[in-house]
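Peer 1: Take the sequences, apply the hints, and build the full model.
Protein chains in written order, with our numbering: chain A, 1 to 208; chain B, 209 to 465.
Calculated from the structure, these hints are not laboratory results.
Fair warning: there could be bad hints in the mix.
Only part of the chain A face toward chain B is listed, based on derived beta-carbon distances under 7 Å [claimed, not checked]:
(1) Ser14
(2) Lys17
(3) Asp27
(4) Leu28
(5) Gly47
(6) Trp119
(7) Phe139
(8) Tyr141
(9) Tyr161
(10) Gly162
(11) Ala186
(12) Asn187
Even for Gly, the Cβ is constructed at its ideal location relative to N, Cα and C.
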Amino acid sequence: MIAIVDYGVGNLASVRKAFAAVGARADLVHDPIALRDAAAIVLPGVGNFGHCARELARFGFPPELRAARHRGVPLLGICVGMQLLFDGSEEDPAEVGLGFYPGSVARLTGVPRVPQIGWNAVRLTGDHPWLRDVADGDFFYFVHSYAAEAVDDVTLGTMDYGGKRLAIAGSDGLLGVQFHPEKSGANGLRLLRAFATADAGVGAGRRG
Amino acid sequence: MLAKRIIPCLDVRDGRVVKGTRFTDLRDAGDPVELAGRYDREGGDELVFLDIAASAERRRTVVDLAARVADVLFIPFTVGGGIGSADLAGEILRAGADKVAVNSAAVRDPRLIAAIASRYGSQATVLSIDARRGPRGWEVVVDGGRTPTGKDAISWAELAVAGGAGEILLNSIDRDGTKLGFDLELTAAVADAVAVPVIASGGASSAEDYVTLFRRTNADAGLAASIFHYGELTVGGVKDVLAAAGIPVRPPERAFA
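Peer 2: Structure, rendered in structure tokens:
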């Protein structure tokens with residue numbers, strides 16, 4: 001079973017329906033303990049980073065997410081769920097992320113429009129088993145005002161919005177995407193299908 | 209690079225798509241979910257569903273529509289028409305819509321925008337403005353263009369964004385249904401006044417209208433209804449012309465297989 005972390009944030013119905021469309025069963029999980037039985041975990045999130053971090057903690061998810069990460073359970077972070085993989089965000093410096101990756105999340109600057117809303121092309125800079133069906137330059141749907149800035153090189157994909165920004169971060173068993181694969185048409189469904197049929201995702205790495 | 213968006217709009221009444229000019233001379237144009245699928249296949253970047261019946265007893269239909277669309281469509285969509293409370297907005301979003309568009313009710317009570325944005329985020333909160341040229345600039349009109357409000361459209365857009373609106377859907381009542389092309393002056397004025405994305409609407413009849421829109425204004429997206437419904441234009445055809453003109457668009461996707 002794929003567990004979609006339900007902490008009251010995000011368009012969870014769309015994520016569940018997108019998995020259904022690729023033939024995978026995904027259930028909303030309210031109880032953190034239930035993550036112990038999950039074959040794979042999706043961490044969604046929209047809106048304010050601080051609100052997401054607070055709600056995730058209030059429901060008691062962070063320790064179980066860390067434990068799942070330790071066991072190597074495949075984990076996919078979407079949008080603010082991806083940002084939560086990092087240490088924190090300048091959107092709410094009082095709150096902390098899960099800290100799986102060092103680095104912080106910063107407001108988009110130097111662009112006429114914030115949030116970025118729409119389809120942007122993703123340049124792949126690294127390999128990951130769950131990206132096997134994604135082609136360099138594929139378009140995905142973004143809705144965000146902040147983007148993570150990775151310290152270590154976990155960058156697997158970037159997009160251009162007033163400069164090069166992080167679109168995909170990942171490593172063995174873990175992937176974060178700033179865009180919404182559940183709203184990115186066939187390109188997004190391909191990514192979700194690869195994730196749904198994944199083992200622990202061993203084989204991630206930088207390109208070239 | 210961020211692509212300019214082409215957005216087919218479906219005017220829905222009693223669960224069916226209708227389209228004349230927006231508020232009169234309605235013609236049945238089909239099943240919304242079926243049409244939505246067609247627009248998705250043609251390359252529509254997102255969809256807007258406007259419930260033009262918008263009476264209280266039909267609210268349930270709108271929520272059901274959002275759920276049915278979300279079952280089969282995996283691109284973003286907005287639902288608007290008669291949304292007067294954050295609770296109803298929440299129901300529609302939970303059913304699977306990505307954004308809700310508010311119009312008349314927000315004019316009557318601007319706090320509605322903040323109420324929705326604070327609960328569901330600015331990214332889910334679209335302000336739809338129907339604007340008509342007046343003696344001084346553009347005036348906001350409501351109830352499908354019938355009722356003037358005395359509000360200046362540009363000031364209203366600025367106020368709404370300050371209150372939490374994350375996108376502006378700007379419909380020119382003067383151009384709606386005329387096929388005279390987008391209202392470039394109005395669109396440019398609003399798109400330059402606010403820092404959130406602006407969707408231009410009203411008057412498009414050709415791919416060239418879209419080229420002109422994106423060359424002459426800072427609009428982020430162009431919306432149209434009837435020209436796509438009746439096959440006068442296809443989304444893909446518009447995008448081909450835009451791409452040839454050097455305007456960034458999302459190319460046709462590889463089929464899911």
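Peer 1: With reference to the structure, classify each hint as holding or not holding.
Peer 2: We went through each hint and held it up to the structure:
no. : hint   : in the structure
1   : Ser14  : holds, 5 Å
2   : Lys17  : holds, 6 Å
3   : Asp27  : violated, 16 Å
4   : Leu28  : violated, 11 Å
5   : Gly47  : holds, 4 Å
6   : Trp119 : holds, 4 Å
7   : Phe139 : holds, 5 Å
8   : Tyr141 : holds, 6 Å
9   : Tyr161 : holds, 6 Å
10  : Gly162 : violated, 9 Å
11  : Ala186 : holds, 4 Å
12  : Asn187 : holds, 6 Å
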